[in-house]
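We have chain A already, so just place chain B on it with the hints.
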Amino acid sequence: MTGEPVVLARGVRMSYGDTEVLRGVDFSVAPGEVSCVIGPSGSGKSTFLRCVNGLEPVLGGSLRVLGEEVGHTLRDGKYHPWTPKRFAEFRTKIGMVFQRFNLFAHQSALDNVACAPIHVAGMPGDQARELAMEHLARVGLADHAHKRPHQLSGGQQQRVAIARALAMSPTLMLFDEPTSALDPELVDEVLEVMKKLALDGMTMVVVTHEIGFAREVGDTLTFFDEGVVVEQGPPADLLAASKHPRTKAFLSSVL
Amino acid sequence: MRTEPIIGPSGEAVPVARTWHWGRWLAGLIALAVCGWLVGLVVANPRLDWGAVLHYLFDPLILSGIVVTIEISILATVLGLVLGVFLAVMRLSHNPVLQWLATLYIWFFRGTPVLVQLIFWYNLAFLFPELILKIPFTMIGLKWDTNQVMTGFTSAMLGLGLNLAAYFAETVRAGIQAVDRGQTEAAYALGMTPGKRMRVIVLPQALRIIIPPTGNEFISMLKTTSLVYVVAGHDLMTNASQIYKANNLIMELLIVASLWYMLMTAVATFLQGRLERRFGSDAVRLVRGGGLAARVLPRQPKPEVTR
Numbered sequence: 001m002t003g004e005p006v007v008l009a010r011g012v013r014m015s016y017g018d019t020e021v022l023r024g025v026d027f028s029v030a031p032g033e034v035s036c037v038i039g040p041s042g043s044g045k046s047t048f049l050r051c052v053n054g055l056e057p058v059l060g061g062s063l064r065v066l067g068e069e070v071g072h073t074l075r076d077g078k079y080h081p082w083t084p085k086r087f088a089e090f091r092t093k094i095g096m097v098f099q100r101f102n103l104f105a106h107q108s109a110l111d112n113v114a115c116a117p118i119h120v121a122g123m124p125g126d127q128a129r130e131l132a133m134e135h136l137a138r139v140g141l142a143d144h145a146h147k148r149p150h151q152l153s154g155g156q157q158q159r160v161a162i163a164r165a166l167a168m169s170p171t172l173m174l175f176d177e178p179t180s181a182l183d184p185e186l187v188d189e190v191l192e193v194m195k196k197l198a199l200d201g202m203t204m205v206v207v208t209h210e211i212g213f214a215r216e217v218g219d220t221l222t223f224f225d226e227g228v229v230v231e232q233g234p235p236a237d238l239l240a241a242s243k244h245p246r247t248k249a250f251l252s253s254v255l
Numbered sequence: 001m002r003t004e005p006i007i008g009p010s011g012e013a014v015p016v017a018r019t020w021h022w023g024r025w026l027a028g029l030i031a032l033a034v035c036g037w038l039v040g041l042v043v044a045n046p047r048l049d050w051g052a053v054l055h056y057l058f059d060p061l062i063l064s065g066i067v068v069t070i071e072i073s074i075l076a077t078v079l080g081l082v083l084g085v086f087l088a089v090m091r092l093s094h095n096p097v098l099q100w101l102a103t104l105y106i107w108f109f110r111g112t113p114v115l116v117q118l119i120f121w122y123n124l125a126f127l128f129p130e131l132i133l134k135i136p137f138t139m140i141g142l143k144w145d146t147n148q149v150m151t152g153f154t155s156a157m158l159g160l161g162l163n164l165a166a167y168f169a170e171t172v173r174a175g176i177q178a179v180d181r182g183q184t185e186a187a188y189a190l191g192m193t194p195g196k197r198m199r200v201i202v203l204p205q206a207l208r209i210i211i212p213p214t215g216n217e218f219i220s221m222l223k224t225t226s227l228v229y230v231v232a233g234h235d236l237m238t239n240a241s242q243i244y245k246a247n248n249l250i251m252e253l254l255i256v257a258s259l260w261y262m263l264m265t266a267v268a269t270f271l272q273g274r275l276e277r278r279f280g281s282d283a284v285r286l287v288r289g290g291g292l293a294a295r296v297l298p299r300q301p302k303p304e305v306t307r
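These protein sequence lines map, in sequence, to chains A and B.
Heads up: the first sequence at position 93 corresponds to 93 in full-length UniProt numbering, and the numbers run straight through without jumps.
Heads up: the second sequence at position 111 corresponds to 111 in full-length UniProt numbering, and the numbers run straight through without jumps.
None of the hints are false.
Subject to a maximum C-alpha distance of 20 Å in a straight line, what follows is the list of computed DMTMM-like cross-link-like pairs (lysine to aspartate or glutamate):
| id | chain 1 | residue 1 | chain 2 | residue 2 |
| --- | --- | --- | --- | --- |
| 1 | A | K195 | A | E185 |
| 2 | B | K196 | A | E89 |
| 3 | A | K248 | A | E231 |
| 4 | B | K134 | B | D145 |
| 5 | B | K196 | B | E185 |
| 6 | A | K93 | B | E185 |
| 7 | A | K243 | A | D219 |
| 8 | A | K85 | B | E185 |
| 9 | A | K93 | A | E69 |
It is worth saying that the hints were derived from the structure and are not from the lab.
Values in this document were obtained by computation on a predicted structure and should not be read as measured data.
Pulled out of the complex, with its shape left as it was, chain B reads as follows:
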């Protein structure tokens, strides 16, 4: 808005009048009042024991649940990312069988609810009481009791990871397809095989498109892990529910869990912002040459100003 006086018709400086946005003020006040009222209903509710919230906020069971939630989130995300890249490459391959299988996988895992998948993995023992890994036609191999392998933790990790892979495959596919076709042609013209072109030229550039959504996937994963509650994975939600089932302080423990989920999300959002700044800007900064890690991990340019 202009504050500098305007030169009027007779040559003198005339001040600019201030505009009052009455409508904006009014709408803002009404919105604030409604929100304040709703929050007040909860906060000032005599049936809600804020002392209990504070008491359970740092309960050892809650804290150990947080650790498990973070573990499951990280492991499931890593599993989903790795498998997702393979699925995307399969979908884009020229082999119709691989293409079809990847499509089927994606359709299946996007078509069934995560909750169903979690319960399925947890109850795998009904189908296979023992997991056997052996060399065909010999007696050499390994055998596990399914119920011991498929704990709440592993079934949560598998269920969430396999599910994420289906979604992530589509992100990776979009990333790969967004890399200019000319890059592939140049790679071929230099004598690269299709696999080498993918690893050395296309995937590193696709990362710029793939990386930002992975942050979202991880943030969403942090909260999806609460579904693990149904298979008793000892995560934050499972442990909170164990406490409230014993003492009936349901609302208080849901608030405790929510506060922690919000904190984890805030931290993850902050990290995502940094990741995006590193990848989303003008160019992808990747380490030249080197091993696999050097190719996949970004290199931060030397900071000129220290904060």
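Next comes chain A alone, as it looks inside the complex:
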């Protein structure tokens, strides 16, 4: 785990109107690292994740992802804001998985996965569907390729969503509470897929409430509260002996 960080946040600030959501976040992720983020709801962890791929604008500080300042390019002594097209290009390198799956409702599972290769990468349809089939097989859903999202269980939908994000061969994967909308018995099948992905060496940032997953798979665990990083460290250390009272209070409420 060496080299330039994939994500490097220094004093990142963001607000919705007058409400400050991020108040100076310092955070970094090394290549190949699985970084788990926990914290109470409203702590800004999801917002931060959405800043990483530019779905929310960073309003202060510096956020460098994959070697670029998100949303701006330095040229002639000034930072120039990105065009929507530039944002789109940037996001092809980052996969994102949402809490509510957000599968395209009018497309089959296969078409969901093949969508970005066809419409973003310009891959021929047959080739894209072949690729999509491989990705669906990887998440164990080859048999459900032609079903529509509403015909799949929550766990299956989320696995399709992961396959869809992987279809563009991203170098970084973001997970925004991927199991929070699932029935308890469906959580494991999704975590299993994520674990496999981590073992394959994918760089991952996972916002989650699954402490067990963080302990087993995570390389680092970060605790967010009130828009800042309160504590960060190896999961085992943080879970066993956190130094900060707010971390302790949160952990005792979820464990």
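Using the frame of chain A, we list chain B on its own:
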């Protein structure tokens, strides 16, 4: 209502008594009587020549009017739909100028009566005697006589189409806004540009909400075309009026026109029902990939039972 006997307190089956809804019967009879009387007044009216109605029902002028009415309806609806989608996208864009222009357009065309718009287009020659389309600062271009271009037919099509666009824009906007915000986020996260997200992800899903009202718009358009009468568009109503102006059989020809409008509406309603069944149900069935038509047109799932 229960017909099966009830087991009584002593264990035997007791039949259920029949209820007579006297009030319902009475109200129904009164309503029927009033309607029958009113219809009778018209049908049995000695001044009404039913023979003439039958005679003019298949008059060549009436039949050609029907064709024109259908043509104007279809062309104006298509114009309205295409323009309406553009207006809706403009209204939802982040460009304040486009937003404002679309709002202005919608306000203007909803704020003025269709009748006024029709007469305006028909008399465009007063403002622009010639329509000129040319490359600026050159003499290369095309020129038309406005009176030849703005016939009753074209002004009807333009007037009705531009007017429908204003109403339809609001339908499309509602359809687009009804598509879950998460779909847009997922599209962006996969690296789509705003335009691609709209075409590939949002509009196909908005169709499910947009399509059913278009049927209503078309049905309403079939009848609104009768306004074309004021600009002599040779539609059903214009032609019917030409006949009754000559022979004074006003009521008879209005009945002829009404019968045809009712038939057209019935056919359109039937088609609308099919359209809604295809789109309104559980999911939108759209062809995957393919060209623009494949993206916009629904694909019928293979019928399992043939009717």
